[in-house]
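Asker: Protein chains in written order, with the numbering used here: chain A, 1 to 114; chain B, 1 to 115.
Please keep in mind that the hints were generated in silico from the structure rather than gathered at the bench. None of these values were measured; they are calculated from a predicted model. Hints may contain errors.
Claimed, not checked - Here's a subset of chain B near chain A, in silico, CB distances under 7 Å, partners left out:
| hint | residue |
| --- | --- |
| 1 | Ala104 |
| 2 | Gly109 |
| 3 | Thr113 |
Backbone N, C-alpha and C fix where the C-beta goes; we use that ideal spot for every residue, glycine too.
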Amino acid sequence: AQKITQTQPGMFVQEKEAVTLDCTYDTSDQSYGLFWYKQPSSGEMIFLIYQGSYDEQNATEGRYSLNFQKARKSANLVISASQLGDSAMYFCAMSIQGAQKLVFGQGTRLTINP
Amino acid sequence: EAEVAQSPRYKITEKSQAVAFWCDPISGHATLYWYRQILGQGPELLVQFQDESVVDDSQLPKDRFSAERLKGVDSTLKIQPAELGDSAMYLCASSLGRGRGTEAFFGQGTRLTVV
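Input sequences plus hints: build the corresponding full structure.
Answerer: Quick look at the structure:
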């Protein structure tokens, strides 16, 4: 069965600093995808970044990058030069190819301090 | 920009009443998901459709919850009767449902309060 673990319930970071949000996953499948979503207080889930299990390069999208370590089954999100607007809940999620079932972790609440 | 539409945004209902939520996915998206998110937790999948067929409803409390996607486009999630523990955010999402990197796009959700 798929499982996502996010061990940091909350993170506090100073504006303009880089921040790493941890995510580990568990699956016996070889083909899978890893996602990060942002959920502001308004409630909508915003897609940030995707990493495929066969992708050799770490994914990057603007200030977001995904530190993918397959052997350790980790997919940490790195946000560079944090901004006040980055304050939100962040969720790591995984899907198994073919099933497309998307399983979420418990989330990390990120607070950016001015 | 195409988006997933959900209604209503907020719903307050009394215990034992029936309640229904509606979702219109992004045009052309074959896969539709309904998630329940309790405050402070991650979303939990209730049901997943591929076109009009249910592919996963293992976590759907079938004694009180039902979901349909009759023409493979929009979908309705119903709760009857509602219980206090059903208070949560109900999120609908859709994706192309094939290939790699097919991220799910979410609607703004329906926040349900059962009193």
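Asker: State for each hint whether it applies.
Answerer: Going down the list of hints, with the structure as the test:
1. Ala104: Constraint on Ala104/B satisfied, holds at 6 Å.
2. Gly109: Since chain A brings a Cβ to about 5 Å from Gly109/B, closer than 7 Å, the hint holds.
3. Thr113: 14 Å, violated
Violated hint: 3 only; the structure is consistent with all others.
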